[in-house]
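Using the sequences and the hints given, assemble the complete structure.
Going by the working numbering, the sequence shown opens with residue 10, and the numbers climb by one from there.
Warning: the hint list may mix true and false statements.
Stated by the list, open to error - Derived DSS-like pairs: lysine-lysine, alpha-carbon spacing no greater than 30 Å straight-line:
(1) Lys43 <-> Lys67
(2) Lys161 <-> Lys44
(3) Lys117 <-> Lys145
Hint data in this document are derived by calculation from the structure and do not stem from the laboratory.
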Amino acid sequence: MKAKVTILFLALVTFFTGAIAQTLNLNGIFDETKKPVLFYFHTSWCVYCGLQSRMLKKDVGLIKELQSEFNVIDFDAESDTEVSYKNYLIKNVNPQKYRPHPFVEQFKNTGEIGYPLWVLVDSNLYVQFIYQGYLKKKQLKEIVDFYKTKRKSSN
Numbered sequence: 010m011k012a013k014v015t016i017l018f019l020a021l022v023t024f025f026t027g028a029i030a031q032t033l034n035l036n037g038i039f040d041e042t043k044k045p046v047l048f049y050f051h052t053s054w055c056v057y058c059g060l061q062s063r064m065l066k067k068d069v070g071l072i073k074e075l076q077s078e079f080n081v082i083d084f085d086a087e088s089d090t091e092v093s094y095k096n097y098l099i100k101n102v103n104p105q106k107y108r109p110h111p112f113v114e115q116f117k118n119t120g121e122i123g124y125p126l127w128v129l130v131d132s133n134l135y136v137q138f139i140y141q142g143y144l145k146k147k148q149l150k151e152i153v154d155f156y157k158t159k160r161k162s163s164n
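This is how it looks when you write it as structure tokens:
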């Protein structure tokens with residue numbers, strides 16, 4: 010229960026004041042659970058991100074399925090959120106529209122980043138999956154089912 014509360018808190022971090030940046034502490038997530046982390050990177054201006062977010066908000070069952078297999082992190086790709094992992098602190102010192110956070114840039118696999126951007130990483134931040142674009146409910150469920158099967162076969 011503590012892990013769920015911590016993950017929910019991290020995923021829904023809010024500003025206390027405009028002057029204090031948020032911090033996403035990945036150490037806590039990986040210390041409390043061994044589940045992979047599914048990052049959902051999006052922007053305020055991206056039409057497909059808006060569609061993806063609305064689809065996710067409407068389907069509580071899908072959200073529960075995703076959270077059963079993954080630690081899901083909803084991350085504004087242009088925010089000033091600081092990301093802390095091990096001895097690293099990644100800051101977006103000059104957040105601007107159309108300029109991705111340096112943390113997001115770590116996951117680009119082509120010259121440009123397309124949004125929404127889905128990245129699945131294991132507890133060592135090794136990338137398992139990257140997808141740029143809108144994922145349909147069926148596709149998200151297939152990802153969940155694949156990792157459920159993979160987890161069961163490894164036990």
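Against the structure, the hints come out as follows:
1. The straight-line distance between the Cα atoms of Lys43 and Lys67 is roughly 28 Å, inside the 30 Å bound, and the hint therefore holds.
2. Between Lys161 and Lys44 the alpha-carbon distance is near 13 Å, which keeps this suggested pair within the 30 Å criterion.
3. Our distance criterion of 30 Å between C-alpha atoms is met by Lys117 and Lys145, whose separation comes to about 21 Å.
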